[in-house]
Amino acid sequence: MTEGTTSTAAAEGSDTLTRLEQEGEIAADYLEGLLDIADLDG
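Going by my numbering, the residue at position 21 of the sequence shown is 21; the numbering climbs one at a time, nothing skipped.
No lab work stands behind these hints: they were computed from the structure.
For every residue, glycine included, the Cβ atom is placed at its ideal position computed from N, Cα and C.
Check the hints yourself; a few may be wrong.
Quick list of the computed label-pair ranges, beta carbon to beta carbon [stated by the list, open to error]:
id, residue 1, residue 2, range
1, I37, S7, 44 to 52 Å
2, D36, S7, 39 to 47 Å
3, A10, L31, 26 to 34 Å
4, A9, A38, 29 to 37 Å
5, I37, T8, 40 to 48 Å
6, E12, G33, 43 to 51 Å
Could you build all of it, start to finish, from the sequences and the hints given here?
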């Protein structure tokens with residue numbers, strides 16, 4: 001691996017983590033909405 005390849009892989013890993021965090025927040029908001037509709041505490 002070269003230095004450029006290593007930094008590119010690190011950037012892609014960071015992008016993946018950011019995307020997963022965003023998707024997790026969206027999923028949590030969706031579930032919260034469903035619980036509100038069902039009138040369950042969560």
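Structure-based check of each hint:
no. : hint                  : in the structure
1   : I37 - S7: 44 to 52 Å  : holds (46 Å)
2   : D36 - S7: 39 to 47 Å  : holds (44 Å)
3   : A10 - L31: 26 to 34 Å : holds (32 Å)
4   : A9 - A38: 29 to 37 Å  : violated (43 Å)
5   : I37 - T8: 40 to 48 Å  : holds (44 Å)
6   : E12 - G33: 43 to 51 Å : violated (32 Å)
When held up to the earlier numbered hints, the structure conflicts with 4, 6 and fits the remainder.
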